[in-house]
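K.L.:
For reference, the chains in residue letters:
Number of protein chains: 2
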Amino acid sequence: MPASALILAGGSGTRFWPASRAGRPKQLLALAGARSLLQETVDRLAPLVATERIWVSTSAALGPAVREQLPQLADDRFVLEPVGRNTAPAIAGALGRMPAAAREGALAVLPSDHRIADPEAFRDTLAAAFEVVRARDGIVALGVVPRFAETGFGYLELGAEEPGPPGLRRVARFREKPDLETAQRYLASGRTLWNAGMFVFRGTTLLSRLERHAPELAAGAAAWAVAPGRAELYAALPSISIDHALVERLDDLLTLPLDCGWDDLGSWSALFDVLPPDGDANRSHGAAFAVDARDNLLFADDGTIAVLGVEGLVVVRSGGAVLVVPRERAQEVRLVVDRLRAAGRTDLV
Amino acid sequence: MPASALILAGGSGTRFWPASRAGRPKQLLALAGARSLLQETVDRLAPLVATERIWVSTSAALGPAVREQLPQLADDRFVLEPVGRNTAPAIAGALGRMPAAAREGALAVLPSDHRIADPEAFRDTLAAAFEVVRARDGIVALGVVPRFAETGFGYLELGAEEPGPPGLRRVARFREKPDLETAQRYLASGRTLWNAGMFVFRGTTLLSRLERHAPELAAGAAAWAVAPGRAELYAALPSISIDHALVERLDDLLTLPLDCGWDDLGSWSALFDVLPPDGDANRSHGAAFAVDARDNLLFADDGTIAVLGVEGLVVVRSGGAVLVVPRERAQEVRLVVDRLRAAGRTDLV
Chain A
1 MPASALILAG
11 GSGTRFWPAS
21 RAGRPKQLLA
31 LAGARSLLQE
41 TVDRLAPLVA
51 TERIWVSTSA
61 ALGPAVREQL
71 PQLADDRFVL
81 EPVGRNTAPA
91 IAGALGRMPA
101 AAREGALAVL
111 PSDHRIADPE
121 AFRDTLAAAF
131 EVVRARDGIV
141 ALGVVPRFAE
151 TGFGYLELGA
161 EEPGPPGLRR
171 VARFREKPDL
181 ETAQRYLASG
191 RTLWNAGMFV
201 FRGTTLLSRL
211 ERHAPELAAG
221 AAAWAVAPGR
231 AELYAALPSI
241 SIDHALVERL
251 DDLLTLPLDC
261 GWDDLGSWSA
271 LFDVLPPDGD
281 ANRSHGAAFA
291 VDARDNLLFA
301 DDGTIAVLGV
311 EGLVVVRSGG
321 AVLVVPRERA
331 QEVRLVVDRL
341 RAAGRTDLV
Chain B
1 MPASALILAG
11 GSGTRFWPAS
21 RAGRPKQLLA
31 LAGARSLLQE
41 TVDRLAPLVA
51 TERIWVSTSA
61 ALGPAVREQL
71 PQLADDRFVL
81 EPVGRNTAPA
91 IAGALGRMPA
101 AAREGALAVL
111 PSDHRIADPE
121 AFRDTLAAAF
131 EVVRARDGIV
141 ALGVVPRFAE
151 TGFGYLELGA
161 EEPGPPGLRR
171 VARFREKPDL
181 ETAQRYLASG
191 RTLWNAGMFV
201 FRGTTLLSRL
211 ERHAPELAAG
221 AAAWAVAPGR
231 AELYAALPSI
241 SIDHALVERL
251 DDLLTLPLDC
261 GWDDLGSWSA
271 LFDVLPPDGD
281 ANRSHGAAFA
291 VDARDNLLFA
301 DDGTIAVLGV
311 EGLVVVRSGG
321 AVLVVPRERA
331 QEVRLVVDRL
341 RAAGRTDLV
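Keeping their order, the protein sequence lines are chains A and B.
Per my numbering, residue 1 is the first one in the first sequence, and the count goes up by one each step.
Per my numbering, residue 1 is the first one in the second sequence, and the count goes up by one each step.
Hint data in this document are derived by calculation from the structure and do not stem from the laboratory.
Warning: the hint list may mix true and false statements.
As the list claims (entries may be wrong) - These stretches of chain A come out as covered by chain B in the derived footprint (C-beta under 8 Å, 3 or more residues):
id, stretch
1, 310–317
2, 327–337
Said to hold, decoys possible - Restraint ranges, calculated between C-beta atoms of paired labels, are given here:
id, chain 1, residue 1, chain 2, residue 2, range
3, A, E211, B, G320, 39 to 47 Å
4, A, A281, B, R191, 34 to 42 Å
5, A, A236, B, V274, 41 to 49 Å
6, B, V83, A, G23, 48 to 56 Å
7, A, A281, B, F148, 32 to 40 Å
8, A, A281, B, E328, 40 to 48 Å
Note that beta-carbon positions come from the ideal geometry of N, C-alpha and C, so glycine has one too.
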């Protein structure tokens, strides 16, 4: 049975405002190239996963924009959540909507808003994970080899080695957002991986585990999957991530280390780190002119940005709005979005 | 004979880029209010100078935009220079185009790209200057009472008092752009005024003085004035300011002190100084949101500007371009314009 992929594309967020908006979230943006993060997520599956074996879960509201970006996928490959209920209902619901044959085979659940610099390394690890779940009934997290002591991610503490491809291990413990000291200890130990939200399993494995650990959620998602027009069934599901609903509770979670230049692009500042620098260490997207200016991120979705004599700034021009923020405060863009909402400028958020 | 005014609106410049462009220079911009600097220049003449006694000199290229801003003026009140030749040809040519009756009466020549906070004080001084030139054959410079040791302006050193309205004096010496030490001495002396390019005279007085000090220019401008279709006559005139061609050479120049909140708005930084501050000392025009940000000038001709955590910046959004520059370097905007020109982005300059 060839492997399938379920891409999660229903997320929303404010960290890339003003380029990202309610109707145009991060995964739909071409932040670090000509293709959107969602398109790159689909593109990098080839040739490992055939196009006709790719499913996309997104919200009803985002459906048209998501489909427009993926014309190569048939209409029935898009599973639309009537309302947002986080990843556990999205995954369970989409599995229920898939043909039984796909559900019974190896399947990868993949976020659509991350960047991967080395798609070939990614596919190699993904192929190994598919082999694992074909050989045994298990759930494999693809764990990113940590590069710094990040406190915003979840960590997988490595347990015993398992028979299978090199690096396959049990996860001894799942630790969400550690404090800085713990994160530093984790990094130094060499015995943790970042949880990147990428999981591989047979669909039937995941559903049976979910029935055990979250029976109401599993039953509700299954009921909606056979009557997808009944939005109230989906709306009644709890809003919960697959991490909290299931993965953290497993005592036999497996992991494979993933070393493929993964970046979650969590902010404008993270984008600065992955774009190529000019001679003055400025990074730009679109038409930008920097005169006697250093270390700036200049992101022009439309029009032209010119800066003179400034350093370490993020300057974004997109869809009627301009944002200027120091790089080290780019994580706080939400404050601007909150202010705009409070001022009734919902046209901009 | 009622007094007339000749407004000089042919200038160009780069200091307010990107709001100002080749086809939309500073005088056409509403920088510090709802009306453009040119419109305010006309507005503030009422009721002292009747609308039908106002003439406007501008370039052929700017003619349509200038007329559009001043629908209250009859078409024959606009004098179009075929090519730019600075203020001496513009004034001499426009005087030649005026009806003889207007040329023989009191007349004020006024720049159109400055700001005046107190129009009533301006009109009081202007009215006094009109009285002076009605009573005697002379040229009166309206001299702005200096507020700081500016090195970019011309200074009028005060000479002997003259009979007439309070403050009327001879100008002992005309000094262009002094060094800082001289400017500081001037400021401390209380015996200098800034040359603001505002002169009052009878047109016939000015033309006869010009015939004496710059006979070829006077003859050439007169020849063009009777054959304005012959652009080559105008093009043959030297490009020279009225200051250099005439005013500096006069040994009987008069001056009246002008204390009316005059500002030449020489840069974005100067505009910051005249706009009203918000609670965090930010100044804005158009839709702007400042979060945890201080002392910024946020100028949105279109769209919305949002800043977070920045201080002392100029941020401008206008006509497809964004500019970000520290306030203290706003004088250097020309460097950006030069860079855009070099890159072939003439659409933006």
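K.L.:
Of all the hints numbered above, which does this structure not satisfy? Sort the numbers upward.
P.N.:
Per hint list: 3, 4, 5, 8 violated.
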